[in-house]
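Asker: Given next are the chains, with one letter for each unit.
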Amino acid sequence: MKKKFFKSLSLIILSLAIFAVSFAGCGSGQNEQNPSATTPEGTTADQPKKSTELVVASVNNGPMVTMNELSSEFTKETGIKVTYVMLTENDIRSKIQQDVAVGSGQFDLVTLGTNDIGTYLDNGWTTELQPLFDKMSDADKTAYDFDDLIKANIPAYSSATKGLAAIPLYGESTMIMYRKDLFDAAGLTMPEEPTWEEVYQLAKKLHDPSKNIVGMALRGKPGYGENMYTFGAILYGYGAQWFDMNWQPQLQTPEMKAAWEFYKKLETECGAKDVTSNGYTETLNLMASGNAAIYYDATVSAATFEADNSPIKGKMGYALSPSGPGKGNTQTIGGWGLAITSSSKNQDAAFKYLTWVTGKDYVKLVAEKKGWINVPSGARTSTYKDAEYQKVASFADITLKSLSGASFDKQAVKQTPYTGNTLPNIPEYASIGEQVGQLLADYVSGGKSIDNALAESQKVALQAMKDGGYIK
Amino acid sequence: MQTTKTLVKPKKSPIRYLLLPAVIFVAVVTQIPFLMTIIISFLKWNVKRPDIPVTFAGFDNYAYIFTDSKFYSVLINSLVQSAVSLVLCTVLGFLLALLFSKSFKGINIARSFIIVPYFVMESVTGIIWKTLMLSPSFGINMVLSKWIGIEPVAFFSSQLSLVTIIILIVWQWTPFLFMILLAGLQNLSEDVLESAKIDGAHGLKLLYYIKIPMLKSYFEVGMMFGLINILKVFGLVFVTTQGGPGVSSANLPYYVYRTAFYDWQMGRSAAIAVITVAITLIVIQSFFNLIRRRQKGVA
Amino acid sequence: MDISLKKRMGKHIVNVSIWIIALLYSFPILYMAVTGFKPEEKVAPPQLFFTPTFENYRAVISNELTLHLFNSSVITVITVLIAVLLAVPAAYAIAYGKLKSAQSYYYWFITTTLLPAVAVVIPIYLALNFTKLIDSRTGLVLLYVGAGVPLMIWLVKTFFEDVPFELIEAADIDGCNRVMSFFKIILPLIKGGIFSTAMLVFITTWNEFFFAVNMTYNKAATLTVYLNRFLTQQGYFWAKMCAAGTIVVFIPIILGFFTQKALVKGLTVGAVKG
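The listed protein sequences derive, respectively, from chains G, H and A.
Residue numbers for the first sequence follow the UniProt record's numbering, so the first one is 1 and each next one is one higher.
Residue numbers for the second sequence follow the UniProt record's numbering, so the first one is 1 and each next one is one higher.
Residue numbers for the third sequence follow the UniProt record's numbering, so the first one is 1 and each next one is one higher.
Please keep in mind that the hints were generated in silico from the structure rather than gathered at the bench.
Only a predicted model underlies this, so the values are computations on that prediction, with no experimental measurement involved.
Glycine included, every Cβ here is placed at the ideal spot set by N, Cα and C.
Just so you know, nobody snuck in bad clues.
Among the chain G residues that face chain H by a calculated CB cut under 7 Å, a handful are:
1. 3
2. 7
3. 13
4. 14
5. 94
6. 101
7. 222
8. 273
9. 274
10. 431
11. 434
12. 441
13. 442
14. 445
15. 447
Using the sequences and the hints, build the whole thing.
Answerer: Rendered as structure tokens:
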């Protein structure tokens, strides 16, 4: 009798608990998207959804924030609802990776960095785009004008075996951006095609902590998308590379050592204090707030400096990515592409949105709503031919020149087995780059000697190559 | 604990069914996943390379970890971080408790100001210290060093990043020990203190020979609870240093995370997780034994 | 000078320095709250004088913040309710169930609190994904209950043992059945203890970081996730970041303020008994 009572009591407790757990899922904040699955009472839940909804997982860079805002226009045109999940670069990369790896299908479209794009298609995580473009009607094809997309970009947005994998939302290269006014005041000039050594000399002369001016604003925060992104350019400039043609890591070569030493010299003698805590955001801010003389980073940053509310608007000069003793052009190809996940159940709608947001009309839409300075850069040739754009973007020419001069497969002095420049296009790079980036920062801030750091980096890369089956 | 046992006749009671819901729930949420982690730790599994099949790897992952110098750095970081933080929290918490055990008008509010950091979430603690306090360009760090006339301290460099993490942990967990020890001080029996004073114990003597031994059980509970939580610290590292530069400020929980979500080596990450749990158990058990042995020794 | 005056002066100096120490200790929080009222251009580098503005607070109280506030509240409240529902009977059974293995159950629950969240993150991610509970409040509640119940049992059991056993025996003789004696005699004695541990669960759940970051995208993300993103998303808008941070820590601090006494008692009742 008593036993039965306690048995049923415990059952009641358990079911109450389970009920309460599932209760947490219902009720709504805003943006409630999926009311069907876990609602126990099902009163509000059973309204059938007629309209298609696309979920885009996106990095929260400026151009994507604009995309998010303007997606309501797409909904007006087509009735397809678009929801953005926007996170910071590190966050979004791992979220997208988790999502596609388990095929959970949370996202229909994802933004990918150039180093991931090929891998994702090769792994079957995203959809081949070429067949979808082939299926377009002739009228749509003409309107879209595929050939208007900047040619140099395309290899970076394709897989070697399966072709086109993503469409650039914006393309970027790297360049030197500097304060003309400070240079003039000091009687210095920046060559149009400087060398790294020249940049260092100039930065050193302008470095003046007492006036809150650092000579060089260059990322020092560890991370494969942080310090390794800009350091990658220096590395090729000094004639180093990641792997030789047999996939043997090349991190202990004299060229690599010279690049590391130069980078440390530049960062510690001309950079901000505690430089290893400064990433993209921090260095951009350092420059934008008028506290730095020279800035080397992605070309898209120029739009921030030339924006209407910028204190350094009109004071900027631009130059090509510096060369080193090893190699002339060190421009990178980077940027973000939009791809369709293969687990998406709305392939057609997703493609429709993809072509809408990368189309010519979208550029016009942004120009109209947000001003020409905010249109996606480095994606379409026609943008650069537009007189309106040229008027506001004093950096347009040099950006296009940087992009067109960049090479996705001849990035180093010697031949490489991989494509992609500062972010080599192999699945293992995220892990290698992350760890080497940490070691580089450790070296810069004085924690490790150069030889130790390089030896450890070599070990990291070697292990990754073994794990990945590149070498025995 | 012992009291119930002696009073209660050992007879099976139906009340035991009331344990079931909790046991089921907790087992499903914590134990079964951990068993799965143990299984995963024997797999070779790289999420980034679906073309390489997931295979059984035996003890390869463990062998890899135990020959990896980075693992030992992280292990040492973890132990140093926990031990130093715990000692500092306890000492500082006790000193503050002594000071704040005085009573005057408004003391309760003053005490609350000490306690506040304990209720602040890790992400906020990390963010405000990283930016407002320690940033060498714009933080209090800059203001103070300018005032003194020195270079701002590079709190996030290789040399200091672990120290910085420890500072943050101490700031967050001292209030907890403060609360516990303050309660202990307030519960001290006045009679004992009075008679000790009559016997001529004053000041430090009184503190060392009477007060501290009387507070022993408070120290134990506070330090135990503190240690359990300090060993698990993750958010502070994640928000401030991301374990870097290098692995100079990474602890075991963060290293597990990094191996899983940057290297995408699930097997290796699971193996580090299993080792982390084993080490946690060993540390807690030895701490527990230490308390027990000293208890016996004193009694 | 008169001795008693000297003594009183000395006392005042001690009291004032106690206050100074207290304020210095919580300075980072106070500084954050104040910075939230600064205009953005006075924040970095910090400037002492400024005209307070509500602009930042107004700016961060957006739909986004309300969504995450809603998530945090729902998740935390439901977690606490379930934790009480599961833990109190279990603690009762451990304390009075006349079980041979009561002690081992008790230690088992305590041991589960040692488990770092990272040690189970992969299987839990896979399991939640399999059950479509990724980025859902339900998923988080499940996880938090799993963490909250052991903590509650740990503390609540000591409260139960604080109740003299004679009371219960007397009640039994009076003819109260077990359930009635629980509600009539035991519960009133320990409701303070249950309340304080429930608050502890509330605060740890509200502040939980790891699962919140890893098991949600946006829809079910809690305030702690939102705030972590704020730093990187908003770049250097420190004033807004501080405004958001102040709003977010407000609830646990207020709760902590009112429950600290009960909390300490809950934790130390066990300590005194060993």
